[in-house]
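Student: Residue numbers (my numbering), protein chains in the order written: chain A, 623 to 1047; chain B, 623 to 1047.
Since the hints were derived computationally from the structure, they do not count as laboratory data.
Among the hints, a few may not be true.
Identical copies carry no separate label here, and so any pair may be met within one copy or between two of them.
Distance condition first, Cα-Cα at most 30 Å in a straight line; then the derived DSS-like pairs of lysine-lysine [claimed, not checked]:
1) Lys884 to Lys859
2) Lys658 to Lys642
3) Lys658 to Lys1010
4) Lys948 to Lys653
5) Lys884 to Lys983
6) Lys983 to Lys653
7) Lys653 to Lys1044
8) Lys806 to Lys735
9) Lys972 to Lys865
10) Lys689 to Lys1009
11) Lys642 to Lys653
12) Lys689 to Lys674
13) Lys875 to Lys865
14) Lys673 to Lys689
15) Lys806 to Lys994
16) Lys806 to Lys673
17) Lys1010 to Lys994
As the structure is a computational prediction, the values presented were derived from the model and not from experiment.
Protein chains: 2
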Amino acid sequence: MFEKLRGVRDFYPEDFHGRKVIYGNLSGTAKNYGFKEVCTPSIESLDIFTKKSGEAIVDEIYSFNDKGGRGICLIPELTPSVVRMVVQRQKVLTKPVKWFSLSRHWRYERPQKGRQREFYQFNVDIFGSRSSRADFEILSCGIDCLLNLGIDNFMFHLSDRNILGAFFESLHLPVNEAFTVVDKRNKVDEPEFRSMLSDMGMDDEGYDSLIGLLDINGNVNDCADLILEDYPALGDKAVIALKNLREVGDLLKNYGFEENCKFDLSIVRGLAYYTDMVFEVFDKKKSLRSLFGGGRYDDLVQLLGGQSMPAVGFAIGLPLLEILMKESGIWPEPDFGPDFFVVTIGDVEKEALRIIKLLRKDHTVEYSLGSKNMSNQMNLANNLGAKKVIIIGERDIKEGVFSLKDMASGTQEQVVLEEFVKRYC
Amino acid sequence: MFEKLRGVRDFYPEDFHGRKVIYGNLSGTAKNYGFKEVCTPSIESLDIFTKKSGEAIVDEIYSFNDKGGRGICLIPELTPSVVRMVVQRQKVLTKPVKWFSLSRHWRYERPQKGRQREFYQFNVDIFGSRSSRADFEILSCGIDCLLNLGIDNFMFHLSDRNILGAFFESLHLPVNEAFTVVDKRNKVDEPEFRSMLSDMGMDDEGYDSLIGLLDINGNVNDCADLILEDYPALGDKAVIALKNLREVGDLLKNYGFEENCKFDLSIVRGLAYYTDMVFEVFDKKKSLRSLFGGGRYDDLVQLLGGQSMPAVGFAIGLPLLEILMKESGIWPEPDFGPDFFVVTIGDVEKEALRIIKLLRKDHTVEYSLGSKNMSNQMNLANNLGAKKVIIIGERDIKEGVFSLKDMASGTQEQVVLEEFVKRYC
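Given these sequences and hints, build the entire structure.
Tutor: Here it is in structure tokens:
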């Protein structure tokens, strides 16, 4: 017997049904926000990923040489491919470019709960707008994606890398390294956190200031105001970032999503390519787990060969959504029972096939491909979960009638064929 | 600038729209026939493909060693993966198993029109029924897939490999080699065709008989009857096959699909794994081009490690469907124009966002992320192809009204906000 590879998943019908419902739901939300669906190849030239993320990424992705000797890979994320598509038509695309995509990705990692080697992500991006409205549009679309799935116990944690960046710069500390440490705050204890920063050259006063900043937590506008007042030395970049967050906060408030967001400077998104506003979404019950995140990445289009163009977006991993929805008891369960199952008694094939064909224009219809024994046919109808069974007998059909059995109630009635055809077909 | 790889395709929104419509249409047809959707991984252990198709297939597929040194590949077709899924749950699955899938495949071939290195196929299979009804169910579902897409200038060419197989056996010729030659009949001229068969040991009398058989062409039942009468020496296997085709022909006739099918023994499906009934679908206008094909493959489940289990199915390549539909002028063109575009004049953001949010429950709504200049906003509404523009002005909205402009007719009316909300939201 052949086995599937480690870290990939076979979707049997009962597994795939929920995924399809979720895909449809997420796509519908994005469409109502004016995003259009695109689809990228699954294989790309390896260099687009090393350009974006450095050579180290090669260890984490499925890369190989094709038969022409070219380094290619299975895409580990969508953004570089989407940026490539934008760059190729950068001049002719109507701005802002609002795209979404549902795509399959591969990463060579140790499989664990919610993390597979092959997985789906739902990506939403806006290219060509630097405004706070674009940040807001991405956030509100992300919030509605969850709400429309029936998920409501979540919180969007907002920040802007330029605030903490300005703070670290004012202390003459290496910003990216400091971000990496901040990103680990929830994974280590306080002494270790302090010691990592101390190793970078942060003194006790700086540490206390940092903790003060990281502990500012709550309403986006209130927190931004507080920092603007209490940390006047942070400089222009931080002030611009805080004012932008205030505008985003106003928009969220007017849109009715104020309660779904909070200010949280501990969000830096690690070493990723984000430049300004960043966010992560947490499950309120299990506050340590980030469901997904996103943010602004204004440098990537140029880095990948385009004209400078701002961009902001997010990506939701489907596996985590599935776990969350199952835990919350809102995973869509399938009902595969056919609308009709046609049972035949005697030589009525012609009439049966006529009805089956007519009904199949709008309904799911099954019949026995094997045994024509009456009880075998009824058993199959039962096993398939048929909602209604049409029983066509030789004598009845000559008189233009057949029996219609409702499987839930068990009631059975005689039906006039032509009236039935008019009603259902 | 980074380029996409050769033989793959970027789907921009206007390209992807048609694909999505077609996916939905094909899936809907299969569902009405009682097929359930499954989804397989894109990567598989290489040995499942070499087991099915021999080592030579490695030249045509994207295969490589993963970081654990295991030979894996991007799947070049769906059937082995689906068979693997059936085998893993063979005992517990309700039979017959009726599955469909839309999946991405990769083959390392020279790209040409309708043949890309990365492409989609729509697969439909029945496992666990040896009956003529299962053959018919696959054929009728395939026919309805095309009809429901609006394609009607096609013909299903039916055969059964056991008929020509019995004929070649009766002449003591190697059956698979002879099939390969027959498969090339339309690609070579008559002298070359004759010489290839002669090289295999076929004499002139045998050749004339073969041409006689291959020229039997037309109504499935009539042709089957003709061969049963004229070629009594073909033996049991051929007789069983012909009787099965007669039953399939009766079912197709009663279902109203008699005219969509014809008998054609030249269909052998090359060296593939088919065992009995086989078919190919041709565009009537360009009769040499096979759109897709399928057939019965009763040995594959056992070959791939399962209990013996009959199977029948087909796979449609999406690229060819797209070409055909575009040629016929029935490719679904997108209409991306948002239902509403909201223009604001002055400080009305709160009211604007309230309307936008309410409308987005059921409609596509856009607004300007950048300029708030009135004519810039109207230009963007025009560029996006908005159907209706909502113009919210400071003074109007205080009185609870706004302007609604229909972009097709150019007419503009004053609308009472709360009435509008009741009607549209």
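Student: Evaluate each hint against the coordinates.
Tutor: Status of the hints after comparison with the structure:
Only within a single protomer do Lys884 and Lys859 lie at most 30 Å apart by alpha-carbon distance; the minimum there is 21 Å, versus 74 Å between protomers. In the homo-oligomer, the alpha carbons of Lys658 and Lys642 lie at most 30 Å apart both inside one protomer (18 Å) and across protomers (12 Å), since each shortest distance falls under that limit. In the homo-oligomer, the alpha carbons of Lys658 and Lys1010 lie at most 30 Å apart only across protomers (19 Å), although the nearest pairing inside one protomer, at 40 Å, exceeds that limit. Taking CA atoms no more than 30 Å apart as the test, Lys948 paired with Lys653 passes in both settings, with 25 Å inside one copy and 25 Å between copies.
Taking the shortest alpha-carbon separations for Lys884 and Lys983, only the inter-copy value of 24 Å comes in at or below 30 Å, while the best intra-copy value is 50 Å. In this assembly of identical chains, Lys983 and Lys653 lie within 30 Å of each other by CA distance both inside one copy and across copies; the values are 28 Å within and 11 Å between. When the C-alpha separation of Lys653 and Lys1044 is checked against a cutoff of 30 Å, the pair qualifies only between copies, where the shortest distance is 22 Å, while the shortest distance within a copy is 36 Å. Taking the shortest alpha-carbon separations for Lys806 and Lys735, only the intra-copy value of 20 Å comes in at or below 30 Å, while the best inter-copy value is 51 Å.
In this assembly of identical chains, the alpha carbons of Lys972 and Lys865 lie at most 30 Å apart only when taken from different copies (19 Å versus 74 Å within one copy). In this assembly of identical chains, Lys689 and Lys1009 lie within 30 Å of each other by CA distance neither inside one copy nor across copies; the values are 53 Å within and 50 Å between. Taking identical chains as interchangeable, the C-alpha atoms of Lys642 and Lys653 lie at most 30 Å apart whether they share a chain (16 Å) or sit on different chains (13 Å). Taking the shortest alpha-carbon separations for Lys689 and Lys674, both the intra-copy value of 25 Å and the inter-copy value of 22 Å come in at or below 30 Å.
In this assembly of identical chains, Lys875 and Lys865 lie within 30 Å of each other by CA distance solely inside one copy; the values are 15 Å within and 73 Å between copies. Taking the shortest Cα distances, Lys673 and Lys689 sit within 30 Å of each other both inside one copy (23 Å) and across copies (22 Å). Neither within a single protomer nor between protomers do Lys806 and Lys994 lie at most 30 Å apart by alpha-carbon distance, with minima of 66 Å and 41 Å respectively. In this assembly of identical chains, the alpha carbons of Lys806 and Lys673 lie at most 30 Å apart only when taken from the same copy (25 Å versus 48 Å across copies).
Taking identical chains as interchangeable, the C-alpha atoms of Lys1010 and Lys994 lie at most 30 Å apart only when both belong to the same chain, with a minimum of 18 Å there against 58 Å between chains.
Comparing the model with each earlier hint shows violations of hints 10, 15; every other hint is respected.
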